[in-house]
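S.K.: Here's the letter readout for the chains.
Protein chains: 2
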Amino acid sequence: MERTLIGELGSKVGEAVLIKGWVSVRRDQGKMVFFDFRDRSGSVQGVVLPSSAAIETAKEIRSEYVVAVEGKVNARPEKNRNAKVQNGDIELEVTALTILAKAEPLPFDMSASGYNLDLTAELDHRALTLRHPRLQAIFKVQATIIDSFREYMKSQDFFEFQAPAITPASAEGGAEVFEVEYFDKKAYLTQSPQLYKQIVMTAFERVFSVNKVFRAEPSSTTRHITEFVSLDAEMGFIDSWRDVRDMSENVVRHILQELKDHRSKELEFLGATLPTMLDTTPTLSLTEAQEKIFAKTGRNVVGEKDLSSQDEQDICDILKEETGSDFVYVYGYPTRQKPFYVYPNPTHPEFNEGVDLLCRGREWLSGGRRINDYAQLMQHVEQWGMDPAKIEMFLEAFRYGAPPEGGFAFGAERMTMQILELKNIREATLFPRDMNRIDGLLSSPETKKE
Amino acid sequence: MERTLIGELGSKVGEAVLIKGWVSVRRDQGKMVFFDFRDRSGSVQGVVLPSSAAIETAKEIRSEYVVAVEGKVNARPEKNRNAKVQNGDIELEVTALTILAKAEPLPFDMSASGYNLDLTAELDHRALTLRHPRLQAIFKVQATIIDSFREYMKSQDFFEFQAPAITPASAEGGAEVFEVEYFDKKAYLTQSPQLYKQIVMTAFERVFSVNKVFRAEPSSTTRHITEFVSLDAEMGFIDSWRDVRDMSENVVRHILQELKDHRSKELEFLGATLPTMLDTTPTLSLTEAQEKIFAKTGRNVVGEKDLSSQDEQDICDILKEETGSDFVYVYGYPTRQKPFYVYPNPTHPEFNEGVDLLCRGREWLSGGRRINDYAQLMQHVEQWGMDPAKIEMFLEAFRYGAPPEGGFAFGAERMTMQILELKNIREATLFPRDMNRIDGLLSSPETKKE
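In the order they appear, the protein sequences are chains D and U.
Quick note on the numbering used here: the first sequence kicks off at 67 and runs consecutively.
Quick note on the numbering used here: the second sequence kicks off at 67 and runs consecutively.
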């Protein structure tokens with residue numbers, strides 16, 4: 067018999083079927099045995115009657131056994147229906163049970179209701195906890211975020227490129243870079259595909275990438291991991307930074323729409339509410355944002371070089387109240403506070419044309435216009451005290467004709483965390499790496515628990 | 067005026083348009099000036115007549131200048147039409163020219179016909195040479211390979227996951243692994259997402275990933291780079307290794323079809339011919355392949371532990387002649403020659419159920435069935451002399467119920483190289499890394515040429 071996916075059983079009432087999957091729960095009621103079976107498409111309840119040929123095997127089977135199940139799809143009597151769960155109106159009457167793989171007794175309760183691991187234990191057992199519906203839901207949401215970013219960029223004629231992970235002497239440098247033993251030389255793990263995406267833009271005009279980036283964060287906060295997925299885009303022939311802002315708004319809007327259309331079940335299960343994006347997201351200069359905060363809260367932050375965490379929270383709260391928007395763009399940061407490639411405002415060159423998207427008190431996305439004129443770029447290289455030899459490949463791209471351009475980037479894990487309002491970015495990372503953990507705890511890999 | 071993409075000019079004959087792009091070539095014919103303009107959608111010829119207001123600017127413009135061009139789209143007279151090039155039946159009569167960015171004089175001839183850099187020089191100037199139509203075509207083909215892999219796996223209900231790059235103590239180990247200074251500890255760059263994809267399979271059943279992998283190849287051959295894109299898939303609930311073989315055949319067939327449908331222009335430009343895939347690709351055991359080679363060539367390789375390069379070439383030639391197929395699957399390798407997780411044939415356990423896809427004398431893709439039974443897996447771990455503590459996370463996934471399963475993988479750069487029959491994998495890598503190069507030559511980064 068051909069395998070039927072559990073998600074398709076609803077249309078097979080009265081038919082004999084074969085399903086394959088895992089046993090989530092077994093409830094032995096003496097004479098009868100009930101099961102929750104699951105596969106990649108969902109869950110269904112099965113019942114093994116005392117008269118079934120499968121009753122002996124049913125008594126032997128435990129949670130997480132992998133089984134092939136033959137049975138008949140029955141409609142449940144009205145009083146036993148449960149509209150709140152998948153396949154709540156049917157039941158599989160099991161006629162044959164084959165064990166495809168056994169499982170050892172679980173080290174903790176994996177049931178939807180009984181699962182209560184703390185995050186450390188959850189990560190210690192990532193290979194097993196990934197089967198839990200909560201974790202499944204989180205990573206399905208994340209896959210949709212990444213895929214809908216890609217699909218949107220493709221629809222806008224962006225070329226996908228693969229940004230390198232290993233880099234030579236770091237341009238943007240700093241302490242937070244991982245060093246690689248590269249034969250008898252030193253190399254580094256990339257902190258951002260920024261310079262590469264600008265290079266590739268000068269050849270393909272509109273480009274995007276989905277690639278790993280690395281930060282040697284020597285701290286263990288709820289918001290930092292050392293390896294994450296960066297979603298990057300860069301576009302040429304813009305008229306101003308507003309084209310970049312608009313493109314980033316459109317891609318975020320598309321992601322939210324895709325989540326609404328395809329992940330509402332998961333969002334509901336996780337108790338997450340998508341943020342509200344208006345037709346036009348409020349957009350303020352840094353100074354305007356600071357003045358608004360001052361006017362509303364009395365905290366005078368006007369003239370500060372950046373928004374603090376408190377400022378981010380306040381400006382989001384204020385705009386939410388004023389307009390209903392959960393999002394706000396803030397642009398125009400002090401030029402010297404930001405990297406050398408960010409475009410200074412032509413009439414007020416002390417402010418740049420960088421722009422951040424905030425939502426619910428946090429930064430979601432960063433971008434802006436970049437300098438495309440070679441002479442201006444070289445001036446900044448000098449003013450920023452950089453060694454042009456270390457970025458020669460980047461400079462070459464701009465030496466030979468680069469259009470007015472800009473782009474943006476955001477982290478897949480961070481956006482997942484923020485959309486789902488998770489407390490710790492590790493919850494939104496399949497295999498999180500931090501200064502204390504690479505799968506196992508680094509301090510004592512040999513004492514890994516079972 | 068709104069910008070029109072060059073690729074859309076054919077439908078605008080008689081209209082006034084604005085295009086934006088680069089100058090590929092300028093031909094100054096004294097009174098008139100001819101240009102080839104290009105943007106992301108293609109090329110068009112422009113002409114500036116002596117009477118045009120743009121004639122002064124036209125004289126100033128050089129190759130790779132970035133320009134905004136206003137003009138009128140004219141049909142070319144019959145005798146001047148060129149059906150072989152894009153927009154060969156039209157010409158843009160330029161009425162206004164604005165320079166958006168200047169370019170320094172090119173360090174070498176970048177024209178389609180005059181370009182003749184050797185590979186080293188091409189890589190030294192990757193930021194510029196990426197603009198050449200040959201390189202554009204190669205990386206467009208590669209983007210299509212990667213994207214059509216992903217689209218096919220999605221259509222087959224595979225879940226996309228992000229495999230980690232930084233790993234703890236390497237399981238499959240060996241010398242060819244890069245070490246990372248991970249705070250005060252050591253970590254390694256992943257050589258393959260193999261164990262991770264098997265873990266994630268036990269939670270999501272069907273999974274795929276597009277991720278970077280790293281090999282510290284201490285040799286500088288035409289086929290080795292240190293960082294490449296691995297396309298990986300893994301599926302549970304297979305009946306045998308043949309399900310894996312079939313899935314991999316389907317994905318390769320889909321990739322070839324997508325290339326045919328969407329990249330025929332690039333393939334033609336590169337002089338590449340897609341290989342022939344029959345409805346069913348010939349599939350031989352290693353022993354059968356060896357016997358065929360012996361019978362046909364007289365070279366007795368029967369009983370050898372693997373196919374040599376010569377064997378791979380011979381078996382492909384033989385099957386091509388016998389069946390017309392450019393592809394051949396070879397399965398059933400000596401169990402002890404392969405990693406611990408490969409499934410041994412139940413009736414002939416000295417041979418495994420691994421399978422390779424060869425084409426035109428080269429391996430394209432590798433895969434097979436894996437061991438899913440925990441006891442059997444632990445037996446192999448012991449026989450292979452491995453430390454179970456180092457792969458505890460992997461073992462945990464299989465300790466608690468894993469279905470019969472298998473998967474496959476291939477490298478995006480290698481497949482690009484092989485489809486296009488390029489001589490060196492660096493040609494098929496956007497920013498190739500090898501033991502001597504990370505963008506610049508490692509021996510003398512300070513002497514980088516302009």
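Honestly, the hints are just simulated from the structure, not real lab data.
Quick caveat: nothing in here was measured; it's all calculated off a predicted structure.
Fair warning: there could be bad hints in the mix.
Identical chains share a label here; the pair holds if one copy fits it or two copies do between them.
[What the hints assert, rightly or not] Here are the simulated DSBU-like cross-link-like pairs (lysine-lysine), alpha carbons at most 30 Å apart as the crow flies:
{"hint": "1", "residue 1": "Lys78", "residue 2": "Lys404"}
{"hint": "2", "residue 1": "Lys404", "residue 2": "Lys362"}
{"hint": "3", "residue 1": "Lys456", "residue 2": "Lys168"}
{"hint": "4", "residue 1": "Lys125", "residue 2": "Lys489"}
{"hint": "5", "residue 1": "Lys251", "residue 2": "Lys362"}
{"hint": "6", "residue 1": "Lys168", "residue 2": "Lys404"}
{"hint": "7", "residue 1": "Lys97", "residue 2": "Lys386"}
{"hint": "8", "residue 1": "Lys331", "residue 2": "Lys150"}
{"hint": "9", "residue 1": "Lys489", "residue 2": "Lys251"}
{"hint": "10", "residue 1": "Lys404", "residue 2": "Lys252"}
{"hint": "11", "residue 1": "Lys206", "residue 2": "Lys456"}
{"hint": "12", "residue 1": "Lys456", "residue 2": "Lys251"}
{"hint": "13", "residue 1": "Lys97", "residue 2": "Lys362"}
{"hint": "14", "residue 1": "Lys252", "residue 2": "Lys278"}
{"hint": "15", "residue 1": "Lys362", "residue 2": "Lys326"}
{"hint": "16", "residue 1": "Lys489", "residue 2": "Lys252"}
{"hint": "17", "residue 1": "Lys78", "residue 2": "Lys220"}
S.K.: To test your reading of the hints: which numbers does this structure violate?
M.R.: As far as the earlier hints go, 1, 4, 5, 7, 13 and 15 are violated by this structure, in ascending order.
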